[in-house]
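In order, the protein sequences belong to chains W and G. For the first sequence, counting from 1, position 243 maps to 242 in numbering that gives the first Met the number 0; every step adds exactly one. For the second sequence, counting from 1, position 77 maps to 76 in numbering that gives the first Met the number 0; every step adds exactly one.
In short, the hints are calculated from the structure, not lab data. Keep in mind the model is a prediction, meaning the values are calculated, not measured.
Estimated spans, in silico, between C-beta atoms of each pair:
1) W:A207 x G:I93: 29 to 37 Å
2) G:D27 x W:R62: 28 to 36 Å
3) W:L112 x G:K60: 35 to 43 Å
4) W:I340 x G:M0: 19 to 27 Å
Where is the CB? At the ideal position from N, CA and C, for every residue including glycine.
Below, each chain spelled out in residue letters.
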Amino acid sequence: MENKFRFNVKTLLLALPMLLMTAFALTKGKWPQDWHHRMAFILTYAAFNAAFLLTLITGKIDRWRLILYVAVAFFFIISVLGNMNEIYGSPPLPDFEFRLNTPLCPVVIPFLLIPAALTKTVIWPGALTDSFASITFIFIMWLGASISLGRGFCSWVCFWGGADDLFSRLLPKPVIKKMPGWCKDLPFAILLVFVLLSTLWLVPVYCAWLCPVKPLAELPAERFVRDMSMWGFHLALFITIVVILPILTKKRTHCAYFCPLGVLQRSAEFINSFNLRIDAEKCVKCGTCINSCNVSAVSEELRDKGQREKTCTKCGRCIDRCPTGAIHFHVKGTGTDSNRILSKMLFIYSAFGFLAMFGGSICMDGIYRIILFITTGSFSQ
Amino acid sequence: MTKIRSILGYLWAMLATPIVILSLATSDNLGRLLVKSTGIKIAPFFTGGEIACTIDHGTYKTHIHESVTFGIIKNMGESSIQVYFEPAAALPEIIREELDLPDVSSGKFFIILDTRTGNVEYENKPDTVTDFKASKFKNGWAVRIKIEVRNQKTEAR
Ligand code: SF4
Ligand code: SF4
Ligand code: SF4
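With the hints as constraints, model all of the structure from the sequences given.
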């Protein structure tokens, strides 16, 4: 099949830039000094590059992407809790307004933009530069990912997405077959309301009040009773929106019907160069792509037009599953007779590169902290 | 025309990977440049705002920050004044600090911070002072005094 490469020297050469890119990104050009870091590097480096090679050889994209993407989500929790512990000492955390150096979460970026333009200040208790997940680092990373991947950010970069992506795959068939129509508009409403509130109050209100993924990255803060109830509310949202609903609907309910950054990522599709095309001549209208898409980006109507919605996160699952190979990555501006392998390789290199370099460094830190915990009994130095 | 579009499309797509590498590899330097060129800062709601004055107690110092108003719409609710004591190692167990809040207090207003427990008490609390919060930092203690905004700017001495 045109999609696959044989395991030979040519394929290894094709994987060479990824081997070099990840080596440089994960080591920052220096061989790790202590054995904990060396071990974490070797494991991460081997896992990501093996997955890349397997992507080339098997022609399957989502199968290998999912494993790494879920790993990123898992190790992110360990990494961020370890880092928070280093910044603030052991829990409980200080009250929200007393925090400094808090890692920036990309989901709050939409709420920071207007206040930053109006007041020349960032309404986030973080460090602007030179810190773990500093504000400018996350912002520039997000900008780069949005330009190069568009909404592909939501299947290749964002460290939150792995959770509902995984849960949406657990059952063989959905228990809840259809989400109500208004759900599609919900993230727009959340984005609008919370941009407005954050601008008026100059506080990232979404993060404080509504974010369902917050309990994964932070434990309750100082005012125990009040914060425990708030934390409990966030946890209930997490269990409902990120765990139970994805299991029952087989959809990424948090990412498709809730997350305000996901909405912003759709607009990044205008500048991004990749999309998906469905070859009408090859399509046998089996419906596999419609059923397997966990962000509802394909409908019968769109499939018949050879397109998908801007909500598509470019996970590659429908490509992997299509029995006739009708779905493929496409470079915008090029015709229907464009080179499919070139288009796929251009996308895979940028998407996998981001996953391996950004997600890889998260995994490496998480693995390092687990090794540290096993050997010293503590997740932080 | 189709050919030009196609070439431009591929060129833009070929830039995707270099953009990925650049955005990750240069983010530290680019970030510093961004901060320098825009003059952007962290919101005073989190930092406590600029220091208005410092009182030297010999072994430790008290920094009284300017009042910080919340929200784009002024007088939306409260403003807050941060008082910061440092260094942590030299702080007495009980700190009793007089604060002069010209627009809100008639008598002498004191805050009393217990650095063993983080408990804050006060003497002669004006009506407009609505809440206190204290938090321990690596190098000291911060107390935030929340003040109800009544159409006038409130600043500590
Ligand atoms: S929708 Fe939001 S949480 Fe989900 S992957 Fe995208 S940015 Fe992350
Ligand atoms: S999975 Fe492939 S063949 Fe089936 S409907 Fe989708 S595009 Fe057509
Ligand atoms: S349309 Fe295909 S690539 Fe896009 S999100 Fe759905 S399954 Fe993934």
